[in-house]
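Engineer: Sequence lines, in order, name chains S and D.
Note that this note's numbering has the first sequence beginning at 1, numbered continuously upward.
Note that this note's numbering has the second sequence beginning at 1, numbered continuously upward.
Rather than coming from a laboratory, the hints here were simulated on the basis of the structure.
There's no promise every hint is true.
[As the list claims (entries may be wrong)] Taking lysine-lysine pairs in the DSS-like style, the calculated list, with each CA pair at most 27 Å apart, reads: (1) Lys-62/S with Lys-122/D; (2) Lys-119/D with Lys-60/D; (3) Lys-102/D with Lys-166/D; (4) Lys-50/D with Lys-78/D; (5) Lys-130/D with Lys-10/S; (6) Lys-62/S with Lys-130/D; (7) Lys-50/D with Lys-60/D; (8) Lys-166/D with Lys-119/D; (9) Lys-166/D with Lys-229/D; (10) Lys-10/S with Lys-62/S; (11) Lys-119/D with Lys-78/D; (12) Lys-119/D with Lys-62/S; (13) Lys-60/D with Lys-78/D; (14) Lys-24/S with Lys-130/D; (15) Lys-130/D with Lys-102/D.
Model, not experiment: these values are computed from the prediction.
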Amino acid sequence: MENIEQRVKKIVAEQLGVPETDVKNESSFVNDLGADSLDTVELVMALEEEFECEIPDEEAEKITTVQQAIDYVSGNLSK
Amino acid sequence: MSLEGKVALVTGASRGIGQAIALELAAQGAIVVGTATSDSGAEAITAYLKVAGAQGSGLKLNVTDEGACEAVVAQVEKDFGAIAVLVNNAGITRDNLLMRMKDEEWDAIMDTNLRPVYKLSKAVMRGMMKARWGRIINIASVVGATGNPGQTNYSAAKAALFGFTKSLAREIGSRGVTVNAVAPGFIDTDMTRSLPEEQKAALVQSIALGRLGDPKDIADAVGFLASGKANYITGQTIHVNGGMYMN
Chain S
1 MENIEQRVKK IVAEQLGVPE TDVKNESSFV NDLGADSLDT VELVMALEEE FECEIPDEEA
61 EKITTVQQAI DYVSGNLSK
Chain D
1 MSLEGKVALV TGASRGIGQA IALELAAQGA IVVGTATSDS GAEAITAYLK VAGAQGSGLK
61 LNVTDEGACE AVVAQVEKDF GAIAVLVNNA GITRDNLLMR MKDEEWDAIM DTNLRPVYKL
121 SKAVMRGMMK ARWGRIINIA SVVGATGNPG QTNYSAAKAA LFGFTKSLAR EIGSRGVTVN
181 AVAPGFIDTD MTRSLPEEQK AALVQSIALG RLGDPKDIAD AVGFLASGKA NYITGQTIHV
241 NGGMYMN
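Just chain S, same shape as in the assembly (with noise of 0.2 Å):
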């Protein structure tokens, strides 16, 4: 079973079609990672699968790094 900071990473990389040593914890989706707008909004959307899980838009637009999606995701499913 892989970790979440794991799974994360490999969505990030998907998505954003980066390769996975890419990505790191501190990276940027936009400033690092090449992400437009649109990308975000579709990471985020894959995240949601991923973990099932909803994200509400006004903490959707608070991830911008993979460290934040990391603490996102860990804080939710913790609950």
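Mind docking chain D on chain S? Use the hints.
Structural biologist: Coordinates of chain D only, in the frame set by chain S:
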């Protein structure tokens, strides 16, 4: 049949242009869900789809009810799968001279003809983006381009669709979703039948082809935009008006 197995949602499909569109998409093999504001309208849609040997059904949707657009999309996705083609057709008129226009008349047009286009397009977006294929077709009107006395509200809402169509086309083109509009001219439906005879005669004078259009004329344009033949067309408005207006 290029829309084989794809799910299409057509609003305002119980009669007129919406009905012709629903039948055209069904003829292309789509599973069609048509909406109407009443239960009897929804039943009529189910009945004519059945007669046509098409898959799909009618559903009741009052587009002005809060949450209704989202609920209908969820229902269709549950029953038939993700929506591939959305035709925003439902519309009403509340004609009046601006000096006499009531706030209710203005608001009714915006709430029925414009806001649901935003609501429904947003609700189907996830499925289309995931599929990397989708068609959103907005039924506008020639008066959105030409203007018409007594229709400041209606023409403003219809003109708004042109801008909406172009912006959304740019927003999601990279995901294989096209967004276009069809602007009908003077089509022989219940909506235009309510006009006085003299006004109708005068209008026909301004049509190059010298006659009213048929709902099928609009459905053919929508069918084309929905099909694979229009893969490279997005952000456009096709004017189907017999030469009443030429841009």
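Engineer: Please write out, lowest number first, the hints stated earlier that are contradicted by the structure.
Structural biologist: Per hint list: 3 and 15 violated.
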